[in-house]
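Engineer: Quick mapping for you: the protein sequence lines, in order, are chains A and B. Under UniProt numbering, the residue at position 78 of the first sequence is numbered 78, and the numbers go up by one with no gaps. Under UniProt numbering, the residue at position 162 of the second sequence is numbered 162, and the numbers go up by one with no gaps.
Any given hint might turn out to be false.
Pairs of lysine to any residue, SDA-like flavour, derived with a Cα cap of 20 Å [to be verified]:
1. B:K273 with A:Y53
2. A:K162 with B:K332
3. A:K50 with B:K213
4. A:K175 with B:Y239
5. A:K50 with B:H325
6. B:K213 with A:F169
7. B:K34 with A:T248
8. A:K8 with B:K332
9. B:K34 with A:R144
10. B:K270 with A:F169
11. B:K252 with A:D15
12. A:K175 with B:K332
13. B:K284 with A:R144
14. B:K269 with A:K162
15. A:K162 with B:T404
16. A:K175 with B:D401
Going by beta-carbon spacing under 10 Å, a handful of chain A positions derived as facing chain B [as the list claims (entries may be wrong)]:
17. Y53
18. F156
19. W190
Calculated directly from the structure, the hints in this document are not laboratory data. Using N, Cα and C, we set each Cβ at its ideal position, and we do this for glycine too.
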Amino acid sequence: MSVLSKRKFPRQLEDEAIYIIREVAAQFDRPALLFSGGKDSITLVRLAQKAFYPARIPFPLLHIDTGHNFPETIEFRDQLAKELHLNMEVRYVQDSINQGKVKEETGKYASRNALQTVTLLDAIEELKLDACIGGARRDEEKARAKERIFSVRDEFGQWDAKRQRPELFDILNGKINVGENVRVFPISNWTELDVWNYIREEGIGIPSVYYAHEREIIERDGMIWPYSEYLHTTPDEIVQRRVVRFRTVGDMTCTAAVESYANNIDGIIEEILSAVISERGARIDDKRSEAAMEKRKQEGYF
Amino acid sequence: MDILRLNTAGSVDDGKSTLIGRLLFDTQSIPQDKLEAIAASSQRKGLDFVDLSLLTDGLIAEREQGITIDVAHVYFSTPTRKYIIADSPGHVEYTRNMVTGASTAQVSIILIDSRHGVVEQTYRHFFISTLLRIPKVLVCVNKMDLVNFSQDVFSNIVSDFYAFAEKIKFEGQIIDFIPVCSLHGDNIAKGSDRMPWYEGKTLLQELETTNLKENNDELPARMPVQYVVRPRTDEFHDYRGYAGKISSGIFKVGDTVTALPSEQTSVIKKIQKFESSLDEAHSKESVTLLLTDDIDISRGNMLVKKGQEPIAAKYIVAHVCWMAHEPLSIGKVYWLQHGNQLVKAKIDAIQHVIVPDTLEHQSATQLKLNDIAVLSLKLAHPIFADTFATNRSNGGFICVDPGTNNTVGVGFIEELYESVPVQEFAI
Numbered sequence: 001m002s003v004l005s006k007r008k009f010p011r012q013l014e015d016e017a018i019y020i021i022r023e024v025a026a027q028f029d030r031p032a033l034l035f036s037g038g039k040d041s042i043t044l045v046r047l048a049q050k051a052f053y054p055a056r057i058p059f060p061l062l063h064i065d066t067g068h069n070f071p072e073t074i075e076f077r078d079q080l081a082k083e084l085h086l087n088m089e090v091r092y093v094q095d096s097i098n099q100g101k102v103k104e105e106t107g108k109y110a111s112r113n114a115l116q117t118v119t120l121l122d123a124i125e126e127l128k129l130d131a132c133i134g135g136a137r138r139d140e141e142k143a144r145a146k147e148r149i150f151s152v153r154d155e156f157g158q159w160d161a162k163r164q165r166p167e168l169f170d171i172l173n174g175k176i177n178v179g180e181n182v183r184v185f186p187i188s189n190w191t192e193l194d195v196w197n198y199i200r201e202e203g204i205g206i207p208s209v210y211y212a213h214e215r216e217i218i219e220r221d222g223m224i225w226p227y228s229e230y231l232h233t234t235p236d237e238i239v240q241r242r243v244v245r246f247r248t249v250g251d252m253t254c255t256a257a258v259e260s261y262a263n264n265i266d267g268i269i270e271e272i273l274s275a276v277i278s279e280r281g282a283r284i285d286d287k288r289s290e291a292a293m294e295k296r297k298q299e300g301y302f
Numbered sequence: 001m002d003i004l005r006l007n008t009a010g011s012v013d014d015g016k017s018t019l020i021g022r023l024l025f026d027t028q029s030i031p032q033d034k035l036e037a038i039a040a041s042s043q044r045k046g047l048d049f050v051d052l053s054l055l056t057d058g059l060i061a062e063r064e065q066g067i068t069i070d071v072a073h074v075y076f077s078t079p080t081r082k083y084i085i086a087d088s089p090g091h092v093e094y095t096r097n098m099v100t101g102a103s104t105a106q107v108s109i110i111l112i113d114s115r116h117g118v119v120e121q122t123y124r125h126f127f128i129s130t131l132l133r134i135p136k137v138l139v140c141v142n143k144m145d146l147v148n149f150s151q152d153v154f155s156n157i158v159s160d161f162y163a164f165a166e167k168i169k170f171e172g173q174i175i176d177f178i179p180v181c182s183l184h185g186d187n188i189a190k191g192s193d194r195m196p197w198y199e200g201k202t203l204l205q206e207l208e209t210t211n212l213k214e215n216n217d218e219l220p221a222r223m224p225v226q227y228v229v230r231p232r233t234d235e236f237h238d239y240r241g242y243a244g245k246i247s248s249g250i251f252k253v254g255d256t257v258t259a260l261p262s263e264q265t266s267v268i269k270k271i272q273k274f275e276s277s278l279d280e281a282h283s284k285e286s287v288t289l290l291l292t293d294d295i296d297i298s299r300g301n302m303l304v305k306k307g308q309e310p311i312a313a314k315y316i317v318a319h320v321c322w323m324a325h326e327p328l329s330i331g332k333v334y335w336l337q338h339g340n341q342l343v344k345a346k347i348d349a350i351q352h353v354i355v356p357d358t359l360e361h362q363s364a365t366q367l368k369l370n371d372i373a374v375l376s377l378k379l380a381h382p383i384f385a386d387t388f389a390t391n392r393s394n395g396g397f398i399c400v401d402p403g404t405n406n407t408v409g410v411g412f413i414e415e416l417y418e419s420v421p422v423q424e425f426a427i
């Protein structure tokens, strides 16, 4: 397998993604890039920067802050925004809770992951966004494998798999009706390994939680959960210190860690190639049911 | 590292999802947890083997009915290549999905169940592969275990297929046949000692050795302008860059280019790709071109090399595949999108509808979902296209319904005219 670790990033994927991002800027009045602080959205920022160089990125970034993010992610976000002169809009799930629009989950598996959909849809309405660029990839999950690059959502942000527009050649149809908006996925055709190879070749910075570090964790259901004040633990769950890293970065309450000593990109890539767990296997929210992602997408999830 | 795009087509139960699952499995592309999940699922369904088709049947409705509804994209890599599979369902009513999946494919894999041989669907799949000018077609004759790995069965299927294919295949199109058994992996990534009579390549060997050069670089240079980059900062005060993805040919610094439709010419001063400057840029590359003169260029225009200008076509004849429930009718006006140019197009005539299974021509006044027909269209403004046969990346378009904004059809240009030809087309 390790012959693959010397594999180069297929440059055609970058050309394709830049083409898609330029189409968004040209076809829509008020696009935004959905920023999560994860490696995929950081990759999107790099691609957007390249697409319009030497001009600045001609649309804002939107971050839905659940309040349960890794502090390292927030620090990274603010630093990136400063460096690249990004227009970073932040909307808070806590505000949606305060407004009574969503209710905090309770119990040991409580997470704000599902709540952020409401905050996102409100932000889309408030900012009158007609296109949101996201970092979803088709290799992540079965429902995502069927999503288009320009994915039309109705007024309620809903995705209807059976009503998807056919996409032919590289022609992107961004015409929408009043009230509709489009989710755009420029790195649809990238795999996890493509993203890491790109980050390596481009020397892109990522939040420190992706690298091995010592942290407080608990073990639950055979997975390593990062311990934080937001995690509801039971008395028999003992907090331990362990050297771990995160393969995917979501909320602290729904992202599992892996034991790892990989402290650079090469180490991470070697690890992915030998890993036996898929990327979204570390996303606790996907494990709720076999069709968890499809159901969330229908409701307007990222 | 290059990319090979594949399309897979087969009838219901030909074992297409299993074939893809097998390709992924044998190239170690399936993570352990996914494999365990489908193994558990298979067991719950009472199967005594791991149903690899569960890897790609993604949507709830599909799992319930055990069928594939929509085009799914599947990825795998070998040390030499990245593969993107567009997995299209085989139902008659889903022709539009195969056309969608195949529109970017360089290789088309067509599955045949060895017990049933060539069926109507097979003709349709090959017809679409040819209409879309896919340079290489690999016919996998599957489930060979169920016909005792018989060479005669295989040979008969090959000759049946050829009898049809020879009538429509285009010059240079490659067709190869492989006897396989996806369930057990024979001739997918590994050879088969159960079919010693077969001396050809395995499916994976065929894919690994497919020549990817579509000779796009040798075609006339064309770049549709997507976006005009104007930083308006002190540092880049007068900067004006034309951003786009080159659809065919090569642009070099110093080349004289013509902007269409204005027909103004200028010279390429700089080719920029982010912070670096290139001497030349090839097809499929996203670049920004800077010219020596300030000429009028905006989105939807096209830059071409001087002396290689396409005609300004206001009347076209094209194969169209209709993709909407709402029928197409003569006289109706649609948006035609060619590259990033949008023009109004009026359906002037339906010359004939083609029955893919028999190649028979029928007259019609309407096109229904999944119909494939030859149409003539009158355009409100000129487009700068090539025929699909000469330039696959500049000869296709989509039709958008102005009422719903949905993509309702796809076209492959056959003939281009500056104005309505004097001689009307007789039906």
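Engineer: All hints, please: hold or fail.
Structural biologist: Structure-based check of all given hints:
{"no.": "1", "hint": "B:K273 with A:Y53", "in the structure": "holds, 8 Å"}
{"no.": "2", "hint": "A:K162 with B:K332", "in the structure": "violated, 26 Å"}
{"no.": "3", "hint": "A:K50 with B:K213", "in the structure": "violated, 27 Å"}
{"no.": "4", "hint": "A:K175 with B:Y239", "in the structure": "violated, 30 Å"}
{"no.": "5", "hint": "A:K50 with B:H325", "in the structure": "violated, 40 Å"}
{"no.": "6", "hint": "B:K213 with A:F169", "in the structure": "holds, 18 Å"}
{"no.": "7", "hint": "B:K34 with A:T248", "in the structure": "holds, 17 Å"}
{"no.": "8", "hint": "A:K8 with B:K332", "in the structure": "violated, 49 Å"}
{"no.": "9", "hint": "B:K34 with A:R144", "in the structure": "holds, 15 Å"}
{"no.": "10", "hint": "B:K270 with A:F169", "in the structure": "violated, 28 Å"}
{"no.": "11", "hint": "B:K252 with A:D15", "in the structure": "holds, 18 Å"}
{"no.": "12", "hint": "A:K175 with B:K332", "in the structure": "holds, 19 Å"}
{"no.": "13", "hint": "B:K284 with A:R144", "in the structure": "violated, 25 Å"}
{"no.": "14", "hint": "B:K269 with A:K162", "in the structure": "violated, 48 Å"}
{"no.": "15", "hint": "A:K162 with B:T404", "in the structure": "holds, 16 Å"}
{"no.": "16", "hint": "A:K175 with B:D401", "in the structure": "holds, 10 Å"}
{"no.": "17", "hint": "Y53", "in the structure": "holds, 5 Å"}
{"no.": "18", "hint": "F156", "in the structure": "violated, 18 Å"}
{"no.": "19", "hint": "W190", "in the structure": "holds, 9 Å"}
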